[in-house]
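Colleague: Residues per chain, in single letters:
2 protein chains.
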Amino acid sequence: MNKIMECVPNFSEGRDKQKIEQMAECFRAKENVKLLDYSSDSDHNRSVITVVGEPEALKAAVIEAIGKAVELIDMTKHSGQHPRMGAVDVVPFIPIKGVTVEDAIALSKEVAETVALKYNLPVFLYEKSASAPNRENLANIRKGEFEGMTEKIKQPEWTPDFGPTERHATAGAVAIGARMPLVAYNVNLGTDNLEIATAIAKKVRFIGGGLRFCKGMGVALEERGITQVSMNLTDYTKTAIYRAHEMVRMEAQRYGVPVVGGEVIGLVPMEALVDAAAYYLGLENFSMNQVLEAKLME
Amino acid sequence: MNKIMECVPNFSEGRDKQKIEQMAECFRAKENVKLLDYSSDSDHNRSVITVVGEPEALKAAVIEAIGKAVELIDMTKHSGQHPRMGAVDVVPFIPIKGVTVEDAIALSKEVAETVALKYNLPVFLYEKSASAPNRENLANIRKGEFEGMTEKIKQPEWTPDFGPTERHATAGAVAIGARMPLVAYNVNLGTDNLEIATAIAKKVRFIGGGLRFCKGMGVALEERGITQVSMNLTDYTKTAIYRAHEMVRMEAQRYGVPVVGGEVIGLVPMEALVDAAAYYLGLENFSMNQVLEAKLME
Numbered sequence: 693m694n695k696i697m698e699c700v701p702n703f704s705e706g707r708d709k710q711k712i713e714q715m716a717e718c719f720r721a722k723e724n725v726k727l728l729d730y731s732s733d734s735d736h737n738r739s740v741i742t743v744v745g746e747p748e749a750l751k752a753a754v755i756e757a758i759g760k761a762v763e764l765i766d767m768t769k770h771s772g773q774h775p776r777m778g779a780v781d782v783v784p785f786i787p788i789k790g791v792t793v794e795d796a797i798a799l800s801k802e803v804a805e806t807v808a809l810k811y812n813l814p815v816f817l818y819e820k821s822a823s824a825p826n827r828e829n830l831a832n833i834r835k836g837e838f839e840g841m842t843e844k845i846k847q848p849e850w851t852p853d854f855g856p857t858e859r860h861a862t863a864g865a866v867a868i869g870a871r872m873p874l875v876a877y878n879v880n881l882g883t884d885n886l887e888i889a890t891a892i893a894k895k896v897r898f899i900g901g902g903l904r905f906c907k908g909m910g911v912a913l914e915e916r917g918i919t920q921v922s923m924n925l926t927d928y929t930k931t932a933i934y935r936a937h938e939m940v941r942m943e944a945q946r947y948g949v950p951v952v953g954g955e956v957i958g959l960v961p962m963e964a965l966v967d968a969a970a971y972y973l974g975l976e977n978f979s980m981n982q983v984l985e986a987k988l989m990e
Numbered sequence: 693m694n695k696i697m698e699c700v701p702n703f704s705e706g707r708d709k710q711k712i713e714q715m716a717e718c719f720r721a722k723e724n725v726k727l728l729d730y731s732s733d734s735d736h737n738r739s740v741i742t743v744v745g746e747p748e749a750l751k752a753a754v755i756e757a758i759g760k761a762v763e764l765i766d767m768t769k770h771s772g773q774h775p776r777m778g779a780v781d782v783v784p785f786i787p788i789k790g791v792t793v794e795d796a797i798a799l800s801k802e803v804a805e806t807v808a809l810k811y812n813l814p815v816f817l818y819e820k821s822a823s824a825p826n827r828e829n830l831a832n833i834r835k836g837e838f839e840g841m842t843e844k845i846k847q848p849e850w851t852p853d854f855g856p857t858e859r860h861a862t863a864g865a866v867a868i869g870a871r872m873p874l875v876a877y878n879v880n881l882g883t884d885n886l887e888i889a890t891a892i893a894k895k896v897r898f899i900g901g902g903l904r905f906c907k908g909m910g911v912a913l914e915e916r917g918i919t920q921v922s923m924n925l926t927d928y929t930k931t932a933i934y935r936a937h938e939m940v941r942m943e944a945q946r947y948g949v950p951v952v953g954g955e956v957i958g959l960v961p962m963e964a965l966v967d968a969a970a971y972y973l974g975l976e977n978f979s980m981n982q983v984l985e986a987k988l989m990e
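Read top to bottom, the protein sequences are chains L and B. Reading the first sequence from the start, the letters are residues 693 to 990 in the working numbering. Reading the second sequence from the start, the letters are residues 693 to 990 in the working numbering.
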């Protein structure tokens, strides 16, 4: 595979193993498509599938899986802790290798147009694919959830980008779009004072005046008696992991609180870590082409 | 490719492009073999080919290339700055993925046995494949070079591990063995005093009482008016890059000299850099399976 796109569709079914398997099955044994991971949460009643593939092959598989979810999931009977507006709640496309964010936007629009027509599904384009600034943020689109979508969708401001101006009776609506790979990075603090972790998170994150591609919040790790600054880096090529790390450390100093560890949740692109290594080791003129595995994948 | 072995054969021809191409050709368009890089140095009169592959496919291609070099290169007419004892001077096998150093040792012995028989070539096993401690170090085996090999090879101590107890008339002898991936890592110092760089190198390297898998020396970067501690890390899984970096920094402090940069020369395994990132970012329980590209290569 010379061109690799990732897709992480979120399905509103996290309890019925048989149904989850049927959706995952759409990504198995397909040429140039690779199912990397899928996980379900029964409290959230939601499953997240991580799949990569050559763009055209991936597109076909994603369209098939959306159809399968529309067929299997009845949102009128769905309950769970996680906010959701449809059987397929959100479908992000993420450029990984040999493809640009523009390619991901184009692909997301093709999928949106096809599934709208094929399954009579209202589709909102979000993130980098959004048709208006207030549609960039998924939370804005999803506000009101499945139950509120009947009325919301009729407002001129919330006309879907593709498909009917009417909620799908059982499948609701779906958000499809392109985004950069997301890095979930948490820094652990040697204090059980959640206020400190929260105060630091507010300074480091974008909305508080911090780093452009950083979301963050304070979290208590009660069993360990510590706290953490839990961050989502939404574009690691511009807001580097090491910069987020050093900024948390810097802010923690004013409270006399040490950084005691950290964690990356889920998958992280190799380049995000290599960049951190290159920073700390002071590497000059380092190129990703010097990474053996990157050469292997060429 | 689920199992990946690397091979970096060194050929004693760095000037005749046509001959170099014929040797490189042995690694092209072969199923499950990938030619990553080759470079020639006319002063050294030597070419280094970097190739990876599934072990059996790689083995066949390496045997073919050794045969081609024996056919094309006449060592009685060879001169160059780099020490050498044969048309194919040295053939290291390096475990990369899904294979162990034991697999690399076994593969090196199979290649050694085959080429000894097929091309009537005396072969010394070296590094991890060595049959005696004084054969681990290539420099020991190669001492005397092609010209001295006629006599050396007749000494009981230097009986080849495979092949005739006689120098090949035009191709000399070859060293074949297994080694870990080598990381060439240099740390730049903010001083033009070569004595300081050399003193630091001596403390950090193994033979001076330093890190077990570290070779090192001081080097002047005259154009930039700085010096560097130039290191070879011969097993990055045990002597980590970050540890070498921090030890150089620590020793530099006693001279009041800052670390001003660094560089990795050539290829480096992803894991060596990810390990450095995990150290500096303080990642807990991080697994290589969380690296997207590692998942892709599974």
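There could be a bad hint or two in this list.
Identical copies look the same in the list; a pair holds intra-copy or inter-copy alike.
What the hints assert, rightly or not - Distance condition first, Cα-Cα at most 30 Å in a straight line; then the derived DSBU-like pairs of lysine-lysine:
| hint | residue 1 | residue 2 |
| --- | --- | --- |
| 1 | K760 | K711 |
| 2 | K722 | K709 |
| 3 | K760 | K987 |
| 4 | K751 | K987 |
| 5 | K987 | K907 |
| 6 | K987 | K711 |
| 7 | K722 | K695 |
| 8 | K810 | K751 |
| 9 | K711 | K894 |
| 10 | K709 | K987 |
| 11 | K907 | K810 |
| 12 | K726 | K789 |
| 13 | K820 | K801 |
| 14 | K722 | K789 |
| 15 | K846 | K789 |
| 16 | K760 | K801 |
These aren't lab readings, by the way, just hints derived from the structure by calculation. From a predicted model like this one, the values you see are computed outputs, not experimental measurements.
Colleague: Decide, hint by hint, whether the structure agrees.
Modeller: Okay, the hints, checked on the actual structure:
For the identical chains of this complex, K760 and K711 are intra-copy neighbours only, at 9 Å inside a copy versus 58 Å across copies, given an alpha-carbon limit of 30 Å. Only within a single protomer do K722 and K709 lie at most 30 Å apart by alpha-carbon distance; the minimum there is 21 Å, versus 44 Å between protomers. Only between protomers do K760 and K987 lie at most 30 Å apart by alpha-carbon distance; the minimum there is 26 Å, versus 37 Å within a single protomer. Taking identical chains as interchangeable, the C-alpha atoms of K751 and K987 lie at most 30 Å apart whether they share a chain (26 Å) or sit on different chains (20 Å).
In this assembly of identical chains, the alpha carbons of K987 and K907 lie at most 30 Å apart only when taken from different copies (26 Å versus 33 Å within one copy). In this homomeric assembly, K987 and K711 come within 30 Å of each other (Cα to Cα) only across copies, at 25 Å, whereas the closest approach inside a single copy is 39 Å. Taking the shortest Cα distances, K722 and K695 sit within 30 Å of each other both inside one copy (16 Å) and across copies (22 Å). In this assembly of identical chains, K810 and K751 lie within 30 Å of each other by CA distance solely inside one copy; the values are 14 Å within and 52 Å between copies.
In the homo-oligomer, the alpha carbons of K711 and K894 never lie at most 30 Å apart, since the shortest distance is 40 Å inside one protomer and 64 Å across protomers. In this assembly of identical chains, the alpha carbons of K709 and K987 lie at most 30 Å apart only when taken from different copies (24 Å versus 39 Å within one copy). Proximity of K907 and K810 under a CA criterion of 30 Å is satisfied in neither setting, with 36 Å inside one chain copy and 64 Å between copies. When the C-alpha separation of K726 and K789 is checked against a cutoff of 30 Å, the pair qualifies both within a copy, at 14 Å, and between copies, at 19 Å.
For the identical chains of this complex, K820 and K801 are intra-copy neighbours only, at 11 Å inside a copy versus 55 Å across copies, given an alpha-carbon limit of 30 Å. In this assembly of identical chains, K722 and K789 lie within 30 Å of each other by CA distance both inside one copy and across copies; the values are 19 Å within and 25 Å between. For the homomeric pair K846 and K789, neither the shortest alpha-carbon distance inside one copy (39 Å) nor that between copies (55 Å) is at most 30 Å. Proximity of K760 and K801 under a CA criterion of 30 Å is satisfied intra-copy only: 20 Å inside one chain copy versus 54 Å between copies.
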